[in-house]
Amino acid sequence: MTIRVKFFASLREQITDPKTEVDGALVKTISDVWKQATDHPMPPHVLCSVNLEHKDATEPVNDGDEVAFFPPITGG
Amino acid sequence: MPVLIKPESFDPASLQKAHEASMSAGDFGATASFTGTMRNFNEGDDVTGMMLEHYPGMTEKELEAVISDARSKWDIQDALIVHRVGDISPGEPIVLTVVWSAHRAAAFDACRFLMEALKSRAPFWKKETLKDGSHRWVEKNTPGYS
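Read top to bottom, the protein sequences are chains A and B.
Numbering-wise (my numbering), the first sequence opens with residue -15 and increments by one.
Numbering-wise (my numbering), the second sequence opens with residue 36 and increments by one.
What the hints contain is simulated information worked out from the structure, not anything from laboratory work.
Be aware that one or more of the hints could be misleading.
[Said to hold, decoys possible] Among the chain B residues that face chain A by a calculated CB cut under 8 Å, a handful are:
{"id": "1", "residue": "Arg74"}
{"id": "2", "residue": "Val130"}
{"id": "3", "residue": "Phe159"}
{"id": "4", "residue": "Trp172"}
[Claimed, not checked] In silico DSS-like links for lysine-lysine, alpha-carbon gap of 27 Å or less:
{"id": "5", "chain 1": "B", "residue 1": "Lys175", "chain 2": "A", "residue 2": "Lys(-10)"}
{"id": "6", "chain 1": "B", "residue 1": "Lys96", "chain 2": "A", "residue 2": "Lys3"}
{"id": "7", "chain 1": "A", "residue 1": "Lys3", "chain 2": "A", "residue 2": "Lys(-10)"}
Just so you know, even glycine gets a beta-carbon here, dropped at the ideal spot from N, CA and C.
Pulled out of the complex, with its shape left as it was, chain B reads as follows:
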């Protein structure tokens, strides 16, 4: 499965390795991965926790479409997207994207594409808990390409 929604904490390296075990050794020469983890600060405030909501069904469909788009743009061997939902603590991984390809250019570029595309297309919403115990919805993502 190239798309995983995880309600519990996950270890990016283990999931990458597990997926790689299903592939034939030597079929790829480049692996690019990105892991996004939860910060303990945002917009100048201390953040102590976060809840990630998603739209079951649509979220998976959009993530699969993002991978399909990457496959049509670059010559890649395989791809993996893992995304947390539920209650998250600072330092925990939120998202993992991995791309395997024959050469580095496709791996780097497609991995970046997966992240930027999922941030604008896959329905997830973050609700932060601040140090004073109050909650707030994150209203927009930070720009990826500057």
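Here chain A stands alone, though its shape is the one from the complex:
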């Protein structure tokens, strides 16, 4: 099983060749997913979500999850 990984906005442009999927057996938390998906250090203020819900980077992940990383929100 795999975990799908998405990057949005400025993060997507900054990170070169990120993995779009990581092996679920290799990761326990959202932070682990970041480390598997890219060699870039996680910048401060990065926001995370799992299955379309805001989460902290310390929270756990499971096989089949969709994990997303994005910069602070600037809509409205």
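For this one, chain A is given, so just place chain B on it according to the hints.
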């Protein structure tokens, strides 16, 4: 549908009126609306255009949650949130929030709440085009409550 993501320009008054047509006349006594439009300046620079990115699926979910939270805090009849995505020109509407309620207090307060909550929770990101043709991501929103 109380939440609309629009990839093309929209007319706030028309969308408000269209939504209101689905409601029973006389069921509400107060309507508060807010429209945010694109400025041609930001942080001291001339801005000629903007691209608004979102996270399909999560954005709609968060906007619906914002309306649900407003319903739990105030006695409101209905609410509407419309938000642009894609390429936007100065003067075009970016966001519309509308609240219908029996009395003005709930309409005013809930409408403000919708705006402030969506700005911190709904995943949208703005990328500006400046007068010299360069691009930059907007890094943070301006504070709403001073």
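Now the hints, each set against the structure:
Among the interface hints, the one on Arg74 (chain B) is violated; its C-beta lies about 13 Å from the nearest C-beta in chain A, farther than the 8 Å criterion. With 8 Å as the threshold, the beta carbon of Val130 (chain B) comes within range of chain A, its nearest partner Cβ sitting at about 5 Å, so the hint holds. A cut of 8 Å between beta carbons decides the hint on Phe159 (chain B): the least distance to chain A is about 3 Å, and the hint holds. Using the Cβ-Cβ criterion of 8 Å, the hint placing Trp172 (chain B) at the interface with chain A is satisfied: the shortest such distance is roughly 4 Å.
This hinted pair checks out: Lys175 (chain B) and Lys(-10) (chain A) have alpha carbons roughly 21 Å apart, not beyond 27 Å. For the suggested pair Lys96 (chain B) and Lys3 (chain A), the alpha carbons sit about 26 Å apart, so the restraint of at most 27 Å is met. Distance restraint check for Lys3 (chain A) and Lys(-10) (chain A): the Cα-Cα separation of roughly 9 Å lies within the 27 Å cut-off, and the hinted pair is therefore satisfied.
Hint 1 alone, counting from the list given before, is not met by this structure.
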